[in-house]
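Participant: Keeping the supplied structure of chain A fixed, place chain B upon it in accordance with the hints.
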Amino acid sequence: MADEKYELRLYVAGKTTKSVTALQNLKKYCEEHLKDQYVIEVIDLLVQPQLAEGDQIFAIPTLVRKVPEPIRKIIGDLSNEEKVLVGLNIRPA
Amino acid sequence: MSKAKKQELHNFPTLPKTPTGIMGLDEITGGGLPKGRPTLVCGDAGCGKTLMSLEFIIRGAMEFDEPGVFMAFEEKAEELAMNVASLGFDLNKLQEEKKIKLDHVHIDRSEIEETGEYDLDGLFIRLNYAIDSIGAKRVVLDTLENLFSGLTNQTLLRAELRRLFHWLKEKGVTAIITGERGEGKLTRQGLEEYVSDCVILLDHRVINQISTRRLRIVKYRGSLHGTNEYPFLIDEDGISVLPVTSLRLEKPVSSERVTSGIPSLDKMLDGRGFFKGSSILVSGTAGTGKTSIAAYFASETCKQGKKCIYFAFEESPQQIIRNMHSIGVDLQQYVDNGLLKFFASRPTLYGLEMHLVAMYKMIKRFEPESVILDPITNLITVGSVSEVKSMLIRLIDFLQEEQVTVMFTALTLNTIISDQTDEGVSSLVDAWLLVRDIEYNGERNRGMYIMKSRGMKHSNQVREFVITDKGLDLVDVYLGPDGVLTGSAREAQILQEQTGEVLRDYALTRKDREILRKRKVLEAKISSLQTEFESVEEELNKISQEEQLIKNVTDKTRTEITQRRGEKG
Numbered sequence: 002m003a004d005e006k007y008e009l010r011l012y013v014a015g016k017t018t019k020s021v022t023a024l025q026n027l028k029k030y031c032e033e034h035l036k037d038q039y040v041i042e043v044i045d046l047l048v049q050p051q052l053a054e055g056d057q058i059f060a061i062p063t064l065v066r067k068v069p070e071p072i073r074k075i076i077g078d079l080s081n082e083e084k085v086l087v088g089l090n091i092r093p094a
Numbered sequence: 064m065s066k067a068k069k070q071e072l073h074n075f076p077t078l079p080k081t082p083t084g085i086m087g088l089d090e091i092t093g094g095g096l097p098k099g100r101p102t103l104v105c106g107d108a109g110c111g112k113t114l115m116s117l118e119f120i121i122r123g124a125m126e127f128d129e130p131g132v133f134m135a136f137e138e139k140a141e142e143l144a145m146n147v148a149s150l151g152f153d154l155n156k157l158q159e160e161k162k163i164k165l166d167h168v169h170i171d172r173s174e175i176e177e178t179g180e181y182d183l184d185g186l187f188i189r190l191n192y193a194i195d196s197i198g199a200k201r202v203v204l205d206t207l208e209n210l211f212s213g214l215t216n217q218t219l220l221r222a223e224l225r226r227l228f229h230w231l232k233e234k235g236v237t238a239i240i241t242g243e244r245g246e247g248k249l250t251r252q253g254l255e256e257y258v259s260d261c262v263i264l265l266d267h268r269v270i271n272q273i274s275t276r277r278l279r280i281v282k283y284r285g286s287l288h289g290t291n292e293y294p295f296l297i298d299e300d301g302i303s304v305l306p307v308t309s310l311r312l313e314k315p316v317s318s319e320r321v322t323s324g325i326p327s328l329d330k331m332l333d334g335r336g337f338f339k340g341s342s343i344l345v346s347g348t349a350g351t352g353k354t355s356i357a358a359y360f361a362s363e364t365c366k367q368g369k370k371c372i373y374f375a376f377e378e379s380p381q382q383i384i385r386n387m388h389s390i391g392v393d394l395q396q397y398v399d400n401g402l403l404k405f406f407a408s409r410p411t412l413y414g415l416e417m418h419l420v421a422m423y424k425m426i427k428r429f430e431p432e433s434v435i436l437d438p439i440t441n442l443i444t445v446g447s448v449s450e451v452k453s454m455l456i457r458l459i460d461f462l463q464e465e466q467v468t469v470m471f472t473a474l475t476l477n478t479i480i481s482d483q484t485d486e487g488v489s490s491l492v493d494a495w496l497l498v499r500d501i502e503y504n505g506e507r508n509r510g511m512y513i514m515k516s517r518g519m520k521h522s523n524q525v526r527e528f529v530i531t532d533k534g535l536d537l538v539d540v541y542l543g544p545d546g547v548l549t550g551s552a553r554e555a556q557i558l559q560e561q562t563g564e565v566l567r568d569y570a571l572t573r574k575d576r577e578i579l580r581k582r583k584v585l586e587a588k589i590s591s592l593q594t595e596f597e598s599v600e601e602e603l604n605k606i607s608q609e610e611q612l613i614k615n616v617t618d619k620t621r622t623e624i625t626q627r628r629g630e631k632g
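Note that the protein sequences, when read in sequence, are chains A and B. Read in order, the letters of the first sequence are residues 2 to 94 in the working numbering. Read in order, the letters of the second sequence are residues 64 to 632 in the working numbering.
Hints were generated in silico from the structure; no laboratory data involved. Hints may be right or wrong, so weigh each one.
Covered stretches of chain A, as calculated for chain B (at least 3 residues, CB under 8 Å) [as the list claims (entries may be wrong)]: (1) 18 to 24; (2) 36 to 46; (3) 68 to 74; (4) 77 to 86.
Listing some non-contacts, in silico: residues in chain B with all C-beta distances to chain A over 12 Å [what the hints assert, rightly or not]: (5) SER286; (6) GLU319; (7) PHE405; (8) GLU464.
Below, a list of computed lysine-lysine pairs in the PhoX-like style, where the Cα atoms sit at most 25 Å apart [claimed, not checked]: (9) LYS370(B) with LYS67(A); (10) LYS424(B) with LYS370(B); (11) LYS200(B) with LYS139(B); (12) LYS16(A) with LYS234(B).
Even for Gly, the Cβ is constructed at its ideal location relative to N, Cα and C.
Chain B with its partners taken away, still in its complex shape:
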């Protein structure tokens, strides 16, 4: 008893799941379909029920080593094999390898007469035999509802179906049952009553002439699951479901920096450029040089030997290469050495989801360091603002996970810069550069500033954005007494200042010379005074010497006279 209890405890935390192997579906369901239980996949005709269930079987056999039985009530085995051959699956080979068993149940009302009591044991035996012959873990019944059109005894059918689902559970196989969507109900025959564990609804809608397939998990007993409608696609790789947003916000972040390719722009961004894996929005009015900034960024990425994908929605690659040549950016060399990949498509070529998936795939395959979308505003032609936004959210989400730096360009239609813009992505992006026109004094100039840049100190200054044939540069705008000056007004102001300086210099030197002269005069005066003083001094000296001499001589003569008188007397 304690053992049984332990087992129960052990089984309690998570419902065992069977991965489908279908891209994206396992993420939404948190690991796959409920193991050993039936799942109902329903939807309108042509919504991809059969393909989804067939892919479940094929991937099970190929990727998870779980053989599967596909019981088809609609299509013949050969038709099914043909249908998936276009997706690159070889059903016949898988059948030969005993990994898959296809069984076509043909029910034709015209061939069948009903009389008296019967049951569907034949079907059970067939299914059982098919399961046992290959040791199947997965079963698909597509579309069980065909039984209802082939047989008249509905009450009996319902009872038998209930028995069938019970039997499937007992058999422990993970099953998909498909059902056609009915009026006001999930399925025409109310199959959802019998399948209570997991119900997936597929849908195919055409809005504005663009079709989108969607998937929703109506219920999934005992498991956490995404509840949104998720767009999905059928292409050459089968079905791929794209989670609208991942359920959690747990993405790796990097503090590594990438340069924008414009040194003066890097200087505005804390001197080191953008964060790796961040998203950058460059918005501005027409002709402000958004594409040039993007091309610079692409070229810089490639210059460092890293890969870049350029998604162009407006211009052709040749056009971009030619145009960028004129500002001294040679993109052709990087295209030639395989570092730069252009991917140009008209937005209206297909729906947003297709665009997204195409990008997903390109990015997955090419593994670029950075990605450019130029311009995202053109996507609005194929979807509403909210749709474009949701698509971009998913793209940013995905890119962040892959640590790919992305640069979007966006065209703002009005010249009045409003803070809500650009398909509402401004709140999603990490850095937002705004290029705007400054019209003054009969000319248009470009001003650039950083609206936001998360996680770094950035300049709050408006810089003049100059495009020359040598490239892009940012110049400090002139802040004069008349306000901000750009373009030729700035040049004129600078010239004027230079003239002023020359004049001032000249004035200065003249004054210097005058001082020099004054000093010379003064010095001359000092020396003449000194000479005068010397001569006076000499004069004075001479007098005193004479007096001394006289005194000496007088003294001498007096002594002589005294001597002489003494001799006489």
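Only chain A is shown next, with the shape it has when bound in the complex:
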């Protein structure tokens, strides 16, 4: 598990406050807990709307943990660190 990288994808729609907050929060948590073990991909649905269907996105912002499996989703601006870490399975619940 240690050698597996976290592939994270953050879906946003333009540069809204929520999106910006979410990205900032995510970067902060990852630096703290997953240093050098993660990749973050930011997808702006206003630019690439066709990608929304593939990951079953309906809320914005949505964070999707692609790897490791299983896929997990966290919606919202990720302001609650505890929930995000549990949700990403970084810290056991």
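Facilitator: Leaving out everything else, chain B in the frame of chain A:
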């Protein structure tokens, strides 16, 4: 400004509508759903919400060239395609042709964690993308309420939903939103608060073990619409809604006449039979020959090369054909050449609505000139009197529109003929023939009379209705000093009269001969008198001649004597 005003004036009279293409629904809504606005379709589980909305999309794409987006929150695209494949729609092909786009929104609470603020822009973007990619005019969201079970922030959801409906209107798409029915409310989540233009409620009830689906338009802002509950059906052709009655009574009428197949019956009906496109009720007690009359009518229709459908609810086609053979009606030949179609079903096979739809379809497909329902009284086993009546009203309505002549037979259970009868259809029908038993002198005979026949002069006489192996006939009943006589009493009376006539004839000839004889005697007397007179006359003549002779001779002798005296003297 004047242009804007003009536009407004132009738009004012009618609300623009989008036809659904669903049989019957467009008639009730007066043209379809409000164009460019969301419509709420709600109802219990399994009432046909998804199918109705899917059909709206499919028909839009296939019949009206309006592409549509179907956003499913419950079922996957493949499942939906499979479900409608049984109705003969190929969703995959339509998707490939870019006429329909299916989008399955999967919301699983266990996969989702909520933290902090969010909105449903993802859904908006997805929907927007789907709409723009095929240029959709129609949108279905089925069932939006699943969002509520997937997400916890209800206040946010409500705000977003309000925004969504607003957005849909702005987008100018005609949308259907489905919602599960809630306790005391139309939908569990109160979606009706957001959709204010048109709300359709679907319902699925089981009464007496027979299920009926119903549809009601709860509201339709800015449009005239039928307010009743309309039964609808889901069968191999999709959904069909049947208007209980059409909103108006505007039907074409014909003054063309059709013969009943029984010449003496036609004679009672102004000499020309029924009106084309009218409805005829034949009622009577058991065994009075209702089916025979119906079979005659069917056979007559076919004889003229026209088509007829016989709906039998009691006997099988073979039974009817065999039985009618015994009175000289050969229906088999018409079945063979395709003019006559039998459609036999047990009334309990399915609900009244199904019967009605089955008939609708048969009639639409076969386009008969006349239709027979034998007997309508059996339908009562599957519905209440009022239901049967409402069904028959609709059937008559439909048949009149199609200009199909229909003959119903009805069994009256009591022998006392009451004027209210027969599932209350007597007021609906145009002509009502009544066949009744006349029991007299140890035998049963059939009497027939016409209770009513709209729009024509008809006989008020009771006729005796005779069934022989040669066929049906109506005979004038005998009106004697003892009242109306039928059957053998009538025959006896006729015989008696015939005897009387012979006797009278005989008496007459005897009197004639006597007169002749009297005349002969008289004539003989006259001639003898004449002869007598002649002889008297001759006698008289003889005397006068003698006297003349004597006179002559005397004169002569006197002259001679005078001459002689002169010579001497």
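Participant: List, from low to high, the hint numbers that the structure doesn't satisfy.
Facilitator: Violated hints: 2 and 9; rest satisfied.
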